[in-house]
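Number of protein chains: 2
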Amino acid sequence: MEKIKQLQQDFADFMAKTDFNGQPKELYEPIAYTILQSGKRLRPMLCLLANEMFGGEEQEALWPALALETFHNFTLIHDDIMDKAPLRRGKETVYQKWNSDIAILSGDAMLAMAFQFTLKPQKGAELAKQLGKVAIEICEGQQMDLNFETCGHVTIDEYLEMIRLKTAVLLATALQMGATVAGAKEADIQRLYDFGIDIGMSFQLQDDILDLYSDVQVFGKKHGGDIADNKKTYLYLKALEMASEKDRKRLEHLFTLRMDHDEEEKIEEVKAIYDHLNVKEAVEQVMLDYDRKAFKALEAIDLPEERKTHLKTYAELLSGRKK
Amino acid sequence: MEKIKQLQQDFADFMAKTDFNGQPKELYEPIAYTILQSGKRLRPMLCLLANEMFGGEEQEALWPALALETFHNFTLIHDDIMDKAPLRRGKETVYQKWNSDIAILSGDAMLAMAFQFTLKPQKGAELAKQLGKVAIEICEGQQMDLNFETCGHVTIDEYLEMIRLKTAVLLATALQMGATVAGAKEADIQRLYDFGIDIGMSFQLQDDILDLYSDVQVFGKKHGGDIADNKKTYLYLKALEMASEKDRKRLEHLFTLRMDHDEEEKIEEVKAIYDHLNVKEAVEQVMLDYDRKAFKALEAIDLPEERKTHLKTYAELLSGRKK
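Going down the list, the protein sequences come from chains D and X. Each residue of the first sequence is one higher than the one before, counting from 21 in the working numbering. Each residue of the second sequence is one higher than the one before, counting from 21 in the working numbering.
The hints are simulated quantities; they were obtained by calculation from the structure and are not laboratory data. Heads up, a few of these hints could be off.
A pair counts as met if it fits within one copy or between any two copies, since identical chains are not told apart.
[As the list claims (entries may be wrong)] Below are the DSS-like pairs computed for lysine-lysine, each with C-alpha atoms no more than 30 angstroms apart in a straight line:
no., residue 1, residue 2
1, Lys37, Lys149
2, Lys291, Lys149
3, Lys60, Lys149
4, Lys45, Lys111
If we strip away everything but chain D, and leave its shape as in the complex, we get (with noise of 0.2 angstroms):
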């Protein structure tokens, strides 16, 4: 833990050292705004330990870590965009403080300056190629989910590519980056990469559960918003691959009310379907066999296994096994 701590502290004082500030004022004040907010850094941490798991120089993998951040707070500011969500972390987004357009225009701003930081260290064409191929997937990714909204049918299969495309690749890349910075063996970067993504596909099934199960307080969002939402999560797919005809029938209905229906009388009716079929159960044993998927490839990397120390106890923490 005292190493995590280390790492972290190590980059928040290089964000503090990196200067947002620009003129016009317009394009850069919600820079500054979002990648200031604190946030979990998580992918700056998984490029700073994969990093220091090989050995790597931690002044060459800031860079990439910083690129990571820069990269992520971009997509959160046209994804909110396209979502109309009025807050982030707590906070109003950007588009709805400023307006669309300056959200727009900062994003973009922001995606350069993340291909910029991946140019500082010295393998820096391979890292901004790293970055532009998870940049087009996370659009791909983005795009699948903006159809699932409108498409009526949408298979498992096709909800695991979309979060595959939309969160696990951006894990995977920080891990790839952090290795290539060390100069790892290609084999071994293709297994941590391989880790990143079924670590990135648990984790982001455990934010569907965690949106209906969690305790309000500590994930600080609403219960049930994906359900008031309608959307079609995997445990609302997984539902529905589990329902009896009537439960499903009366699952793809409900997925078809809108706000003007009692919001809290239809998370309590599906969340009663939900349990009746032991969906969240269904779904932690998919998180488990990912988490068990990802810990297998983590083993296979070719290092003693005391350096993987840190990198498997964050990802432990990620994961949920460690409290």
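Chain X: place on chain D using the hints.
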């Protein structure tokens, strides 16, 4: 002219070979729709001509040329959302044909693709850095342009800085990229960059003039659109500077009127003031100064004059010196 036509053809062939298809189609169709429309391919041409001038490999320069065109089209897609423009090159804009979410995302993907393309040649890291720099500058320029719509007073210097950032730097970067790929000397790359800035400034000022004074048929846009939109162009700012107190007040008043007013009448009245003040001639004089400065920078480049012929001819075509 033969060489210019050949490079245009080579670029068209290179574009035709590039695969802009992918899944989900909602993301990729707008990309292909935008980039495969016929355009002047101005930025790719500047890149290829700069490369040819310094004796570089055309195959290598085609990548940054493609990056520049992809990047330029990304800026158009996002700008059209902000400007609420229904048409572009006589066809529906992306946000209009699909929707603004799709326009945001397709644009984002194109920005990432542009970086991917710069990273293909040997000097990829350098080209990607150049793209990162210019991308941020263009966001700054677009934000300044948005600011001008709402802020009361714009100085001529502020306007020139806006068009430098919004238009000129990308032409300059196109030349810089071509010269970089060809391995030109730093000092010569800088001269060519300066040349690009000055022809870019002249090019934009010409655009301001053409909006009001061109033959409608040729330009394909309505006369006086900038006046109808109350756009503070160089013509307007120069007129304010040259006008009597009475004309200045009248102009300022006319530029507060919105759609509800008789548009034709307003354009005619503004044009009459411009003509009376000889504003067009004054702006042409400024253009000429930029052109002179541009060609002086080109002359200073350490190459035999005959090597500069193609780029010079192309730039003269652009500036309208050569028909």
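Okay, the hints, checked on the actual structure:
When the C-alpha separation of lysine 37 and lysine 149 is checked against a cutoff of 30 angstroms, the pair qualifies both within a copy, at 26 angstroms, and between copies, at 21 angstroms. Proximity of lysine 291 and lysine 149 under a CA criterion of 30 angstroms is satisfied in neither setting, with 43 angstroms inside one chain copy and 51 angstroms between copies. With identical chains, the CA atoms of lysine 60 and lysine 149 are at most 30 angstroms apart both within one copy (25 angstroms) and between copies (29 angstroms). For the identical chains of this complex, lysine 45 and lysine 111 are intra-copy neighbours only, at 20 angstroms inside a copy versus 34 angstroms across copies, given an alpha-carbon limit of 30 angstroms.
When each numbered hint is compared with the structure, a violation occurs for hint 2 only.
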